[in-house]
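Protein chains: 2
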Amino acid sequence: MKHRNFKTVPKMIFGRGAFDQLDDVLMVERKSADDYVVFLVDEIHKDKPLAGRIPQQDGDMLIWLDVTDEPKTKYVDALTEQVQAYAKAHKNGKDPVSVIGLGGGSSLDIGKAVALLLNNPGGAASYQGWDLIKNPAVHHVGIPTISGTGAEASRTTVLTGPDKKLGMNSDYTVFDQIIMDPDLIAGVPKNQWFYTGMDCYIHNVEALEGTYINEFARAFGEKSMALCHQVFLEDHPESDEKLMMASYMGGQSIAYSQVGACHALSYGLSYVLGYHHGIGNCIAFNVLEDFYPEGVATFRKMVAKHNIDLPKNIMKDVTEAQMEKMIRTSQGLAPLWDNVYGPSWKEKVTPELLRGLFSRM
Amino acid sequence: MKHRNFKTVPKMIFGRGAFDQLDDVLMVERKSADDYVVFLVDEIHKDKPLAGRIPQQDGDMLIWLDVTDEPKTKYVDALTEQVQAYAKAHKNGKDPVSVIGLGGGSSLDIGKAVALLLNNPGGAASYQGWDLIKNPAVHHVGIPTISGTGAEASRTTVLTGPDKKLGMNSDYTVFDQIIMDPDLIAGVPKNQWFYTGMDCYIHNVEALEGTYINEFARAFGEKSMALCHQVFLEDHPESDEKLMMASYMGGQSIAYSQVGACHALSYGLSYVLGYHHGIGNCIAFNVLEDFYPEGVATFRKMVAKHNIDLPKNIMKDVTEAQMEKMIRTSQGLAPLWDNVYGPSWKEKVTPELLRGLFSRM
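Sequence order for the protein chains is A and B. Read in this note's numbering, the first sequence has 238 at position 199, and its numbers run on one by one without any break. Read in this note's numbering, the second sequence has 265 at position 226, and its numbers run on one by one without any break.
Relax, there's no trap hidden among the hints.
Any copy will do: because identical chains look the same in the list, a pair fits if it lies in one copy or spans two.
Straight line, CA to CA, 16 angstroms or less: simulated EDC-like cross-link-like pairs of lysine to aspartate or glutamate:
1. Lys46 - Asp215
2. Lys41 - Asp59
3. Lys41 - Asp63
4. Lys70 - Asp99
5. Lys340 - Glu273
6. Lys50 - Asp215
7. Lys41 - Asp62
8. Lys50 - Asp210
9. Lys41 - Asp222
10. Lys113 - Asp202
11. Lys130 - Asp99
12. Lys229 - Asp274
Since the hints were made in silico from the structure, they are not lab data.
Next up, chain A with everything else stripped away, as it sits in the complex (with noise of 0.2 angstroms):
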């Protein structure tokens, strides 16, 4: 039996105010004076502060991201057209020096994506899958706004395609640099923090129950576990700091672990009816007390306290197709079933099964 080996990313820096020190990252990647940098950034802090600390220099690109929707390949195939028609028509092609990602799950996602196309040909949907990339990815930097998915430390970056919501999996899609600033999470709108930091507490449900778990995996999730709950069941005052820690624990956590029963469920629900996947996940998870009794009875009593209003009775205008669609999606992702029932899933994962938890979100 083979281990992974488990590529992270290799410099990090954490700290309030840490966000300043981007500036001095990026001097060392600025080696000649006709290198630029790439900023992509959720336009969400386009007329914030933050804005006027972005250490944007001449020649520098900068694109505001609209994560509206959740990654596509049609759009980070875009921007990466988008850089490489800044590259030609100024920089006589020559690629950024680095590519920053700043903003949520979903802009982290795409300062990967388009890292990785600047030197990988063919578009984003050709890559969808496992270590299917062949070059590494120019020099790419992540800085989350907002915390919970642990994309600051995977090696995916989860992209919809024109047939499937797939990540690009691969050791060269880790960052080589993530800044963790706490007071850059402080203030995130009450119902985004809750959904995107329940992104991060469900997969830790999901992996420490699971069958593919082992003790390295188990030590980062266990304490990402006990960091969500100090974070949203005790308001620790420290809360900022160790919601980011959570998150990227959790991320590491994956390395030797897989995610289950709510993200087989919630990639149906993204993928057929467009829900985010922090909110897609609290949906899904809240029909899941057969499967996580524990999991789900604390995630009721987050709910609660946080007075966080879940949608409810989202099937009702379904269509039958977008019912099946929604069943097929989940049922195909074949290792998660597998950490979840083992290799007998495929007799437990039925179509009844899975049209009984979605008829009830």
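Position chain B relative to chain A; hints supplied.
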């Protein structure tokens, strides 16, 4: 205030049997027919089954390490010259494509040091300190066969030089790859297992109670501590796995924390009386109940549970000159005392205080 840009091991394999994946790891580095690697292996493994599993190929170099004493600058210089002489005679001066350190903390540190010194001329003593290394190291791999030092995760290689015991601290020091195979630490002799594990435990106490810590280091330190409790108080069935993770996470926590009073005293013991780091820490920690009341109480439970005979009255034959040298060595470790007391440490860490503590050992 600037936060450290923490360089971490970028690739790791964790799991029982992972040692056998070393061959695959090295195959990636072996790009041409005359490429070779250097194995630096604790000689304790010489006649053990592990020796037969080292993936040595024609042209590779294997050196059995004498770690009777902790690594000296003189010794790593001699090893480096030995590799260079081999390179000159057999490989037209070509450096190895990888250096593998296999063993305990000393062997790992020697692996790091030789990989650095092959690319940085002038001898190890000239690089003892912080960020003095100019050039990246040769690719280097760390494989612990005993756990607790955190050497697998750290950016230092602790060396005893002509006038100090001090590491070569540098981003280049960090391993390119580690392999954490819990099989390798099964069957370590009891005392050594305990003393080395306590290095991790004690370091966690010092870090968690210190002034330097932030929430990144706290998350890693607390989990490492919880794992130490499972291993040393609860005889957990997955003790090998958990101790290995405790060591790794303890090493990670040092990114944003510092050791304290125990390591300061223990450095004095090692430098003047030659005690190995692990046992030196235990001897020193046992007199620090005023500094770390809870930590020392738990430590004594662990000592009792495992029937460890801590050396006592070790100062009875020490000369006044030796005592003064220990005091001077210990007092000189400014960042450690700063971590204990904050900036006012100079008023508090008097020769009398240190003499009192050493005298009780």
